[in-house]
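**Student:** Residue numbers (the numbering used here), protein chains in the order written: chain A, 1 to 535; chain B, 1 to 535.
Among these hints, one or two may not hold up.
Since the list can't tell identical chains apart, any single copy or any two copies may satisfy a pair.
Unchecked claim - Okay, derived cross-link-like pairs now, DSS-like style, lysine-lysine, Cα gap no bigger than 25 Å in a straight line:
no. : residue 1 : residue 2
1   : 368       : 352
2   : 335       : 143
3   : 267       : 353
4   : 353       : 143
5   : 335       : 267
Treat the hints as calculated values from the structure; they're not laboratory data.
There are 2 protein chains.
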Amino acid sequence: MSLTLPPTVSESSLAAALRELEQAVGAEHVLTDPEDMLEFRDPFWYHEWDDFEASAVVQPDSVEEIQAILRIANEHRVPIWVSGVGRNNGYGGSSPRVRGSIVVNLRRMNRVLEINEELGYAVVEPGVRWFDLYDTIQAGGHKLRLSCADLGWGSVVGNTLDHGITYLPYGQDQMMQCGMEVVLPDGELMRTGNWAVPDSKAAHVYKRGLGPTPDQLFMQSNYGIVTKMGVWLLPTPECYMPCWLRVWKNEDLPQVIDTLRVLMLDKDIEGVPQVLNTLCLASVLTPEGRSKWYDGDDPMPEDVIDRVAKEMDIGRWIMRFAIYGHEDVVDSKFKRVRAAFERIQGAEVWGKKYAPDEYDSIEHPAEKVEIGIPNLDINTMTGWYGGEEGGHVAFSPAAPMTGGSAVEICGLLRDRIEKKANLDYLAALLPINARCFIHITMVIFDTKNEEQVRGAYEAQKILVKEAGERGYGEYRAHLDFMDLAASQYSFNDHAYRRFCETIKDAVDPNGILMPGRHGIWPKSMREAPSGLNGS
Amino acid sequence: MSLTLPPTVSESSLAAALRELEQAVGAEHVLTDPEDMLEFRDPFWYHEWDDFEASAVVQPDSVEEIQAILRIANEHRVPIWVSGVGRNNGYGGSSPRVRGSIVVNLRRMNRVLEINEELGYAVVEPGVRWFDLYDTIQAGGHKLRLSCADLGWGSVVGNTLDHGITYLPYGQDQMMQCGMEVVLPDGELMRTGNWAVPDSKAAHVYKRGLGPTPDQLFMQSNYGIVTKMGVWLLPTPECYMPCWLRVWKNEDLPQVIDTLRVLMLDKDIEGVPQVLNTLCLASVLTPEGRSKWYDGDDPMPEDVIDRVAKEMDIGRWIMRFAIYGHEDVVDSKFKRVRAAFERIQGAEVWGKKYAPDEYDSIEHPAEKVEIGIPNLDINTMTGWYGGEEGGHVAFSPAAPMTGGSAVEICGLLRDRIEKKANLDYLAALLPINARCFIHITMVIFDTKNEEQVRGAYEAQKILVKEAGERGYGEYRAHLDFMDLAASQYSFNDHAYRRFCETIKDAVDPNGILMPGRHGIWPKSMREAPSGLNGS
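From just these sequences and the hints, can you work out the full model?
**Tutor:** Now the structure itself:
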């Protein structure tokens, strides 16, 4: 069996490293068989392309095993790439940036270490999925709700470290993390914030310590491996009202955004809404895929989109959002929300109130997510093109919450995706706070259609550059254009990148931990003549 | 005139550096006369002690001048210490940790660079005081409110960088900062988050960029000089209701805290309340000082405290807090708040609603602060001992928001302050979020009474250690016990400190920027045989 070698690592070094890894974590937890490794490969990368192929997958079960892995990687100078559960789909899945890296997958470290009902938090390991944490909360009868992501199979820690989005009030500004345990590249074990005080009383209640707060330094970076994390949970509200807003004209978007900004600034709407265009929601609700609506190879024309909007009764833009709290306050907020949106001609707003004992029997997938019940229903959308073989890649810039900005960024994205990639434009605008939305562009394609896959990724690169030139930076990027996305953050000749590199070289002198993650390369690879870093 | 020399810097090097600094910023902006420098000295350090004496004060007016200062400091290996306005009173004022450092005071950089009313933010330089930003917002007629600190003379940036506390809803978790410009120790100019994208659209609306977010790395540290910062402002709420809770028994505190936690988790109370004991509020409201109430040299006895509580009508514990929002929501919240607290025997809750056109004519200092009107009234408290010559030092651990924790930490603090320092126990519990309060212990003393000053600082050191042993870490520390406070964060043989040192050495190899700030020392000083770092 021939291994996929990382650049600058010899076959014998890699083989030696793998032998030592087998001793460290047990042979059954070191996967090198391509069949076994398949589920750790980016499922949406064309199957014959090997750019992001791993050499092996190692699955440790403890901090000590992670420390052993780092010792071995440092000794043999083998790059490793870390994933939680391994579901970073749309951004590369569990695949490494550098071909031949060993993937360290933390799925086995799946313990919920603590749930504190009084103070509203949990402490979890990186293999804990949204499903697991939800189940543990339910099993304990805790009156707490989890702000979860759209897909329940992902890692709570992994999603947090990738700046992932969740939807309850603590999803705003991705604020739910509190306290971290990290293994540094040299194997040192560190705790952050108040957790650095032995037997700390405030480890998961105050987000800082004394001195600089490094927690966000371990997100979207390659400075350490997070092994435990505190997560704030919302005390179950007295009333939960999932709501919807529907408008019928594409041109209504700017007014929706301007109205939403005011409502969120006033906290009439909390949490993270989703503003979806027709095709985005249609993709979730059409298991048959787009062929149910249109057979052409070209992007779906306006009149067909209008027909989809009408026949599915989902409008040209539809927003899911929720109101939480005491019932009279929910009523008051809903009244203002409806009055504000109904100033938009033809707009409709509706919602339904639930009491706590009804939350866990809610059936609509979106309305489940907004009260923290993980599910997988949104996965249907990848079947828009290619059915079972469908995939997606996301282009996701951050933009200010103004109608003008929405018009600019949506116009740019739609034009390029339709004209350059020849694909449908599926848009989800996610207000991460009252002032800013992340524009998740779901580019769906048939993963078995090489030309379509290539077109989708090429279109992303055009978009990263064009959006960057207009002042829009990505919030998260796929492996294939991580460097390009990072290079848009170029103020003062890339001063931010150089700062990140300075830290990288200091904490990981051998450059073994996740080289290239979000554009941060260790010294050895920045200087590599092979142009390894793709810039 | 003899200069206060930093350790390891020769008189000729310092003199050369000062000459070059005069050329860089203008001779009139380099202060070496003790009289001129007096206001940059810690006002609450005994006047004959010279532990934290600066050699000079330099006041640049631009990023370029700061870059020149760093070049000169690096060239001559002269340590510099940075202050915004220079009002970090209670924690060392503008004084440096290392005797003989040159203080770089940024008071002249006092421009409000932008106010965006639609998106609710301002961009300010580090010399902008709360007063200045408030005035600029008012002058522009903007419908925005500033979450400000108790003392309006301080720097918005400086307070933020010291993890300082403000009181409006954006004060929770010190969340109001968004986007930073930083000069690194080598003179490089960097912008963080989306501000690193040239002509960024989302610089001050999304708190992250792509890759690790370094903003909190520049707080309570010595890795850079922040030269511009975005600050979120609250759209003026329709209704503001400053409120008070008063209880009459010392033993009511745990129930107050447990009730408050639930109300804050439910967002019936937002912002950062203040829970004050009798003597803390009495000190603010008694310009004559404690001698009005008691002449003894010992801590004020229980029966006298009870008398103060009754005669001033302020209870044994009193809490200021506020409710913001639409009027019907404010009414609903107040009803629940009152009902919840009135379950405590003898507790009283009251408040008054104001409309936006009334906010700026509110007269009560506390009620001003809670709607963002800066003032200096709370300064009265330092006159509790010593009148005009009064000073204070704060011991400020973070604790979980439970009644049990409040009993433990308050009991410990009161006992040691009364028995070890022979001083009155003045307590302010500040819930920085629903899950955690910072216990600000205002230790007031007569700055002209050497023995009393020494007793106050010595008591702090005992407290830092004893609280640390019980798992309580400080949120911010005075120069005199910064190292001791930092050393409580000792998990895994000080792994966090070593991580901070690794970054320090990488970004500031000459160790010239704020050596010793919050326990972070550069390599040269960690190895100094002189025991410079006090450990």
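**Student:** Next step is simple, just say for each hint if it's right about the structure.
**Tutor:** Right, here's what the structure says about each hint:
1. In the homo-oligomer, the alpha carbons of residue 368 and residue 352 lie at most 25 Å apart inside one protomer (13 Å), although the nearest pairing across protomers, at 40 Å, exceeds that limit.
2. For the identical chains of this complex, residue 335 and residue 143 are inter-copy neighbours only, at 23 Å across copies versus 28 Å inside a copy, given an alpha-carbon limit of 25 Å.
3. Taking the shortest Cα distances, residue 267 and residue 353 sit within 25 Å of each other both inside one copy (18 Å) and across copies (19 Å).
4. In this assembly of identical chains, residue 353 and residue 143 lie within 25 Å of each other by CA distance solely inside one copy; the values are 18 Å within and 33 Å between copies.
5. Taking the closest pair of Cα atoms, residue 335 and residue 267 come within 25 Å of each other both inside a single copy (13 Å) and across two copies (19 Å).
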